[in-house]
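Number of protein chains: 4
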Amino acid sequence: MELGLVGLGKMGGNMRERIRRAGHTVVGYDRNPEVADVHSLEELVGKLSAPRVVWVMVPAGEPTQSTVDQLAELLEPGDVVVDGGNSRWTDDEKHAGELAAKGIGFVDCGVSGGVWGLENGYALMYGGDAEHVARVQPVFDALKPEGDFGSVHAGKAGAGHFAKMVHNGIEYAMMQAYAEGWELLEKADSVTDVREVFRSWQEGTVIRSWLLDLAVNALDEDEHLDGLRGYAQDSGEGRWTVEAAIDNAVPLPAITASLFARFASRQEDSPQMKMIAALRNQFGGHAVEKK
Amino acid sequence: MELGLVGLGKMGGNMRERIRRAGHTVVGYDRNPEVADVHSLEELVGKLSAPRVVWVMVPAGEPTQSTVDQLAELLEPGDVVVDGGNSRWTDDEKHAGELAAKGIGFVDCGVSGGVWGLENGYALMYGGDAEHVARVQPVFDALKPEGDFGSVHAGKAGAGHFAKMVHNGIEYAMMQAYAEGWELLEKADSVTDVREVFRSWQEGTVIRSWLLDLAVNALDEDEHLDGLRGYAQDSGEGRWTVEAAIDNAVPLPAITASLFARFASRQEDSPQMKMIAALRNQFGGHAVEKK
Amino acid sequence: MELGLVGLGKMGGNMRERIRRAGHTVVGYDRNPEVADVHSLEELVGKLSAPRVVWVMVPAGEPTQSTVDQLAELLEPGDVVVDGGNSRWTDDEKHAGELAAKGIGFVDCGVSGGVWGLENGYALMYGGDAEHVARVQPVFDALKPEGDFGSVHAGKAGAGHFAKMVHNGIEYAMMQAYAEGWELLEKADSVTDVREVFRSWQEGTVIRSWLLDLAVNALDEDEHLDGLRGYAQDSGEGRWTVEAAIDNAVPLPAITASLFARFASRQEDSPQMKMIAALRNQFGGHAVEKK
Amino acid sequence: MELGLVGLGKMGGNMRERIRRAGHTVVGYDRNPEVADVHSLEELVGKLSAPRVVWVMVPAGEPTQSTVDQLAELLEPGDVVVDGGNSRWTDDEKHAGELAAKGIGFVDCGVSGGVWGLENGYALMYGGDAEHVARVQPVFDALKPEGDFGSVHAGKAGAGHFAKMVHNGIEYAMMQAYAEGWELLEKADSVTDVREVFRSWQEGTVIRSWLLDLAVNALDEDEHLDGLRGYAQDSGEGRWTVEAAIDNAVPLPAITASLFARFASRQEDSPQMKMIAALRNQFGGHAVEKK
Chain A
1 MELGLVGLGK
11 MGGNMRERIR
21 RAGHTVVGYD
31 RNPEVADVHS
41 LEELVGKLSA
51 PRVVWVMVPA
61 GEPTQSTVDQ
71 LAELLEPGDV
81 VVDGGNSRWT
91 DDEKHAGELA
101 AKGIGFVDCG
111 VSGGVWGLEN
121 GYALMYGGDA
131 EHVARVQPVF
141 DALKPEGDFG
151 SVHAGKAGAG
161 HFAKMVHNGI
171 EYAMMQAYAE
181 GWELLEKADS
191 VTDVREVFRS
201 WQEGTVIRSW
211 LLDLAVNALD
221 EDEHLDGLRG
231 YAQDSGEGRW
241 TVEAAIDNAV
251 PLPAITASLF
261 ARFASRQEDS
271 PQMKMIAALR
281 NQFGGHAVEK
291 K
Chain B
1 MELGLVGLGK
11 MGGNMRERIR
21 RAGHTVVGYD
31 RNPEVADVHS
41 LEELVGKLSA
51 PRVVWVMVPA
61 GEPTQSTVDQ
71 LAELLEPGDV
81 VVDGGNSRWT
91 DDEKHAGELA
101 AKGIGFVDCG
111 VSGGVWGLEN
121 GYALMYGGDA
131 EHVARVQPVF
141 DALKPEGDFG
151 SVHAGKAGAG
161 HFAKMVHNGI
171 EYAMMQAYAE
181 GWELLEKADS
191 VTDVREVFRS
201 WQEGTVIRSW
211 LLDLAVNALD
221 EDEHLDGLRG
231 YAQDSGEGRW
241 TVEAAIDNAV
251 PLPAITASLF
261 ARFASRQEDS
271 PQMKMIAALR
281 NQFGGHAVEK
291 K
Chain C
1 MELGLVGLGK
11 MGGNMRERIR
21 RAGHTVVGYD
31 RNPEVADVHS
41 LEELVGKLSA
51 PRVVWVMVPA
61 GEPTQSTVDQ
71 LAELLEPGDV
81 VVDGGNSRWT
91 DDEKHAGELA
101 AKGIGFVDCG
111 VSGGVWGLEN
121 GYALMYGGDA
131 EHVARVQPVF
141 DALKPEGDFG
151 SVHAGKAGAG
161 HFAKMVHNGI
171 EYAMMQAYAE
181 GWELLEKADS
191 VTDVREVFRS
201 WQEGTVIRSW
211 LLDLAVNALD
221 EDEHLDGLRG
231 YAQDSGEGRW
241 TVEAAIDNAV
251 PLPAITASLF
261 ARFASRQEDS
271 PQMKMIAALR
281 NQFGGHAVEK
291 K
Chain D
1 MELGLVGLGK
11 MGGNMRERIR
21 RAGHTVVGYD
31 RNPEVADVHS
41 LEELVGKLSA
51 PRVVWVMVPA
61 GEPTQSTVDQ
71 LAELLEPGDV
81 VVDGGNSRWT
91 DDEKHAGELA
101 AKGIGFVDCG
111 VSGGVWGLEN
121 GYALMYGGDA
131 EHVARVQPVF
141 DALKPEGDFG
151 SVHAGKAGAG
161 HFAKMVHNGI
171 EYAMMQAYAE
181 GWELLEKADS
191 VTDVREVFRS
201 WQEGTVIRSW
211 LLDLAVNALD
221 EDEHLDGLRG
231 YAQDSGEGRW
241 TVEAAIDNAV
251 PLPAITASLF
261 ARFASRQEDS
271 PQMKMIAALR
281 NQFGGHAVEK
291 K
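Protein chains in written order, with the UniProt record's numbering: chain A, 1 to 291; chain B, 1 to 291; chain C, 1 to 291; chain D, 1 to 291.
Read the hints as simulated data drawn from the structure, not as lab findings. Wrong hints could be hidden among the right ones.
Same chains, same names: a pair is fine if it fits in one copy or spans any two.
Said to hold, decoys possible - Below, simulated DSBU-like cross-link-like pairs (lysine-lysine); rule was C-alpha separation at most 30 Å, straight line: (1) Lys187 - Lys94; (2) Lys156 - Lys187; (3) Lys47 - Lys187; (4) Lys102 - Lys187; (5) Lys10 - Lys47.
Okay, chain A solo, but in the shape it has when bound (with noise of 0.2 Å):
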């Protein structure tokens, strides 16, 4: 089938590549006129016959909302929209009514699989009715890993989203999980080699995984990560997912404290702990550190 495809960045680029291999027409557009296919928008729907479908795979927020602007103005009835971005899934049910409005469908996917994605396949959650996602199948099927596994249709427009964010956030629950035991067999002084005690965790344990498998690798690059700060960034998807659960009011303790331990990781100093610091000088006359 052909796709258009706005946004040729790490991820979109990778993308276009692996849904070519699967012998479809892929016509990419992209600011950056080095790697894109066609030089705007007008001349991406151009190349494309009736009924189209539209990929957009650009950064969540302002800069996914002008491009579906523009395509509601430059697609025809029939045609469908996939924003594969990280958008939240709100931002899904209003572009759906907006382009909906237009006769034009919307499917939005979330997709999981970073640089490994080319080559393993990225896994796929995505929403919107059946008809549009139809529409979509076979370059979600040139995406999706090898096997049985690895794509959704988890539901109405937003559903895809969803699941995405909260697959992002159980990624952060895991993460800071092998995060706090490494440090702490760090800090122990019982086991010596702790990168070997991880190595071994890879076959026969409860925990095996292919993060695991990763943090395996780093360590085999940086024993002790002695190159690296303690200091994370988190996107979007982590902080959504802790306000669905207030919406939804489920106690999200695990995967909290793994937001807020990455909050705290890009503090130079921590302003609440010097209130701490404070107040235990004002009661009990205990030594503090001045600057």
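Given the coordinates of chain A, assemble chains B, C and D onto it according to the supplied hints.
Then chains B, C and D, alone, in the frame of chain A:
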């Protein structure tokens, strides 16, 4: 080689079978005569040629202590005792010392694998002096999974159980991660088939793991887990992990949250939330639920 | 001065009384004619001399929005609307803008005090332009407690509710602190009279507070809180505090733990702990509780 | 009455003064001859008439143990030892037994009050047999604050320190509550004068407390706490509180979060966040900060 094995419960019985399949001789003792090969520890020791290796696979605490005490009387210098149960690492240091005073070696071994171990092998983390570990190595090789991983000499006596303890702490937080994500998906109305989302995650995602596979198995048996109560025991290892963290001033927010969630799951009613309700009633006249 | 007061429930009714005791004129409107002084917002506005001050004391969300909308139609340039309810600070910014477009001033005011406010005064945190705040100042002075403290002009429109929101977030964690300590004392067998320990803490300790006094009151009414269920609602402010923290990348582990404890307290059974039980059963054959 | 007092540091020195002001005789011993009344424990015991009461006010652990050991040799049946330091409650049970074997009574006493105790009195929580407590009562009455509260006989030996330990656990979470709220107010741009908001909370609010008064004092000295580092030690009591909770299967999420925040505050860089960064780098090619 010849091995004495004390404790032939669910774990010990399967381990005997796996070691025998590898061609070794196992003399097993258990208080339950129906499963035992011999009828006393004395008989077990008598059937083995010196220097002996005796593997203890009984519950942590008093049962392990009393078995070690009896073996200290029955065994001879040059023999080796392996504690393959779930002992706290601090007990290992004690046992190693007690046995060393009689010239008997000691190795501790954390064993992971559960009901899957007989066929897939057991992950093993062991600690002790190299000479004692070498004596047990053929048994370790018989028990461990196929492949390059699955067993590790983690350090001195106690290091095996310490590593296994941290493994279990990580396991608590990983299970909590999936559980939190599952509850949020079930509660929110966006995703219509949560089980299929979990199933799809088994390939291509960052969070694929053996535990995820088990979660899918569980959902295939009971899609919404309607037949279960939200009630979870905790073994000693989760508690000891947090205690070891406190001893080492290591923050473990996700693992500890997972432990506390289990504590709370076992309460019919929460005393602390009664106090919250009482305080709300005092200052705000908020409605409280009387019993 | 003259004040229009919309909403004469538990809070609004007592506030009318306290303002009147200070010698001001209050014209109160409520949907319940038994407590109202006038029978419509129109009548309320008609009874006040321009420039008017109208205090809105109705539930956050739609009730406040529709009252503000109606007042925007009924009032005149130079009048001032005060939102003394529990609105989210983001609503204040919206309301301030809508009213400003008609030349009407806006002040938001977070009010603390509960059932004790009539006699002891209400703590007030308000936001808005200085000229609008000045118009309401006599009412603030009537409502606030005796003494040097208890009211503050916290910043621009929205700052009052933001400050009150954070106050409530702190309150959640303080209540949780006492509740956790109480449960531990009750559960451990060391302390024989927990109530007397709480009572003793009311003087000389680091943790003495008004909330502690209330806890002692509650224990005097029901020593072990046997008559209550461990069930606690949460108002919007706790949730908004965590959301504001996420927006600002501020870690709030204790406040969030307190919010999640309330969520959990309202669940008959915990879905996430069902998943934990299911996973334990899958890998270990651990006994689970079937319903 | 006559009291022997061992340990005349910041706490002990002030306590001697307060007891003397109440008209009692205090014979004080300290390793520092400049503050001591006598030059040895032997001399201290010799100066007191039997039956004696000796109050030990030295650091927990080895210093307290060795003092108790020496007093066990020097004192006579009928004498009473009070441990007013910060011992773990489990030590009390041990000390009570050791002293009882010689006919010597034992009372443990948790003391709160810090640098404010000399003037305001010390909150006291004590444990032991009624007959031994009665012997110390005049000293307790001298030390406690004016008013009806501030001292309690909490139970058998160990109950005093247990109650004080929980007091400190609650204190951790209350301090954390204010600290979190303060950081959020400082970080968000809504409230323009955070210090004045804190000041206003001192009357009429649900969260008014002595700790809040101290926070205002601290902010008056340094409005944004610019002169402090966000670094906080923890005493044993916070750790023991969490350990006691684990022993009793009581979830303490807010208190534990507060303890972990202190642990994290003392780390130059966070090992666990290095692992998070390493994993992000492995799967996503996310930028990491190299040192």
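Evaluation of the provided hints:
Proximity of Lys187 to Lys94 under the C-alpha cut-off of 30 Å is restricted to the inter-copy arrangement: shortest distance 22 Å between copies versus 49 Å within a copy. With identical chains, the CA atoms of Lys156 and Lys187 are at most 30 Å apart between copies only, with a shortest distance of 16 Å across copies and 47 Å within one. In the homo-oligomer, the alpha carbons of Lys47 and Lys187 never lie at most 30 Å apart, since the shortest distance is 60 Å inside one protomer and 43 Å across protomers. Proximity of Lys102 to Lys187 under the C-alpha cut-off of 30 Å is found in neither arrangement, the shortest distances being 60 Å within a copy and 32 Å between copies.
In this assembly of identical chains, the alpha carbons of Lys10 and Lys47 lie at most 30 Å apart only when taken from the same copy (24 Å versus 66 Å across copies).
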